[in-house]
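Undergrad: Sequence:
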Amino acid sequence: MGIHDRDWQKHSGPVRRRGGGAQGSGQALQRMRGFNATTWIVIICAFVFIIDGFGKPVSQAQLLKPSNWTLTNLEYEGPVDSIRYQPPLDQPPANIRQVGEGKSFLASRAIYRAGDDAAPVKIGFAEYQNFSAFKRYGFFSTATALFGTNSKGGIQGGELWRFISFQFLHANFWHIFMNMFALWIFGPLVERYLGKKRFVAFYLLCGIFGALLYLILNAASSLTTSMGMENVPFLLQNTPHTPLIGASAGVFGVLLAGAFLSPNSTVLLAFIIPIRLVTLAYGLVVAAIVMLFFQTANAGGEAAHLGGAIAGFYFIRNPHHLHGFFDFIGRADPTSRSSQARKLRSGKAANAVADSEIDRILAKIHDKGLHSLTAKEKKTLREASKR
Numbered sequence: 001m002g003i004h005d006r007d008w009q010k011h012s013g014p015v016r017r018r019g020g021g022a023q024g025s026g027q028a029l030q031r032m033r034g035f036n037a038t039t040w041i042v043i044i045c046a047f048v049f050i051i052d053g054f055g056k057p058v059s060q061a062q063l064l065k066p067s068n069w070t071l072t073n074l075e076y077e078g079p080v081d082s083i084r085y086q087p088p089l090d091q092p093p094a095n096i097r098q099v100g101e102g103k104s105f106l107a108s109r110a111i112y113r114a115g116d117d118a119a120p121v122k123i124g125f126a127e128y129q130n131f132s133a134f135k136r137y138g139f140f141s142t143a144t145a146l147f148g149t150n151s152k153g154g155i156q157g158g159e160l161w162r163f164i165s166f167q168f169l170h171a172n173f174w175h176i177f178m179n180m181f182a183l184w185i186f187g188p189l190v191e192r193y194l195g196k197k198r199f200v201a202f203y204l205l206c207g208i209f210g211a212l213l214y215l216i217l218n219a220a221s222s223l224t225t226s227m228g229m230e231n232v233p234f235l236l237q238n239t240p241h242t243p244l245i246g247a248s249a250g251v252f253g254v255l256l257a258g259a260f261l262s263p264n265s266t267v268l269l270a271f272i273i274p275i276r277l278v279t280l281a282y283g284l285v286v287a288a289i290v291m292l293f294f295q296t297a298n299a300g301g302e303a304a305h306l307g308g309a310i311a312g313f314y315f316i317r318n319p320h321h322l323h324g325f326f327d328f329i330g331r332a333d334p335t336s337r338s339s340q341a342r343k344l345r346s347g348k349a350a351n352a353v354a355d356s357e358i359d360r361i362l363a364k365i366h367d368k369g370l371h372s373l374t375a376k377e378k379k380t381l382r383e384a385s386k387r
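At position 157 of the sequence shown (counting the first as 1) the number is 157 in my numbering, and the numbers step up by one without a gap.
Hint data in this document are derived by calculation from the structure and do not stem from the laboratory. Worth double-checking, as some hints may not be accurate.
[Said to hold, decoys possible] List time: in silico DSSO-like cross-link candidates among lysine-lysine, alpha-carbon distance up to 30 Å: (1) K368 x K196; (2) K196 x K65; (3) K378 x K364; (4) K65 x K122; (5) K376 x K364; (6) K379 x K364; (7) K196 x K56; (8) K196 x K378; (9) K152 x K56; (10) K379 x K368.
Just so you know, these numbers come straight off a predicted model, no measurement behind them.
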């Protein structure tokens, strides 16, 4: 995937000079401070991916420790106090097997009805993966974020940080590469439009909405199944413990936003086939809907993609709703109305650009693309994005 005439990627900056010692280090730090939010998101995701790989338990000694296995699937019939595991929970799971050529392993336990030692009846199973600590406490699932039971029958849920943490985790190299490449291509366009702070809020909210739609469709499936209605179209059939990871929901939101801002930009699909950005964006949305309907292997991921796309479609048209995101999570956002009000009370508010002028410029971007702006209009938009 590539894109022509990405003028939003062009920016001015200090000329790179050779140097060493403290001066060279200072210049490097200065350049890092000049990174846009898109670059920082890519860097953070890459860093987490590397640390996650080093932290994954892969040696024989590590795989024999029960605590190094994370529950990813749990299915059984009957009350939780009437089951027993084989092997027991204080022993490592059985059927340990490697997945592909990487460092991922799967394992399982059989679940039997308690008290049937003479003629044991298998009533379910539990599946596990060898997650690192990063992934174990960061992945999203209905059971961990909303409500569910663990292997011991205890109640779990309410781990709300997972709505954000899962967005920085990835399954393998190609998973993170495709997500970060798409973000690097389209992120600067949206960031230039929203400004750094609001872009970060936009990106994270798209991921959160992706997790929300995943959760809603998964919980609704559990409800309809309990009512005797199985395999309802568009509802997720996977169990509440199935993990969701990846930046795809946020990237889908960015893609939909890019299609709104510059619909006629030409994208090279597979670096060969020219296609309009708006056609690519909505084509991927249709593909996600079809795959969710037919419950393909990645139906859960497609649900998250759609949630992110819906959020991106809405928030790029209503960016004023992004103002209070960081205030809401406890860190003041200088672009928020509450922060502006504090500045006004202290006499530090800067002269604001007229909203009508900003609206006119944004309408021009939507109709003709970012490249149609004059130098003065681009300067006005940059100043407004810093507020």
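Undergrad: Take the hints in turn and mark each one as holding or not.
TA: Taking the hints in turn, this is what the structure says about them:
1. With a CA separation close to 23 Å, the supplied pair K368 and K196 stays within the 30 Å bound.
2. For the suggested pair K196 and K65, the alpha carbons sit about 44 Å apart, so the restraint of at most 30 Å is broken.
3. For the proposed pair K378 and K364, the alpha carbon gap of about 11 Å is at most 30 Å, so the pair holds.
4. About 25 Å separates the Cα atoms of K65 and K122, which keeps this hinted pair within 30 Å; it holds.
5. Restraint check for K376 and K364: satisfied, since their Cα atoms lie roughly 14 Å apart, inside the 30 Å limit.
6. Pair hint K379 plus K364 holds up; C-alpha atoms about 15 Å apart against a cutoff of 30 Å.
7. A threshold of 30 Å between alpha carbons decides the hint, and for K196 with K56 the separation of about 33 Å lies outside it, so the pair is violated.
8. Of the supplied pair hints, the one linking K196 and K378 holds, its CA atoms being roughly 15 Å apart against a limit of 30 Å.
9. Between the alpha carbons of K152 and K56 the distance comes to roughly 23 Å, so the proposed pair stays at or under 30 Å and holds.
10. About 18 Å separates the Cα atoms of K379 and K368, which keeps this hinted pair within 30 Å; it holds.
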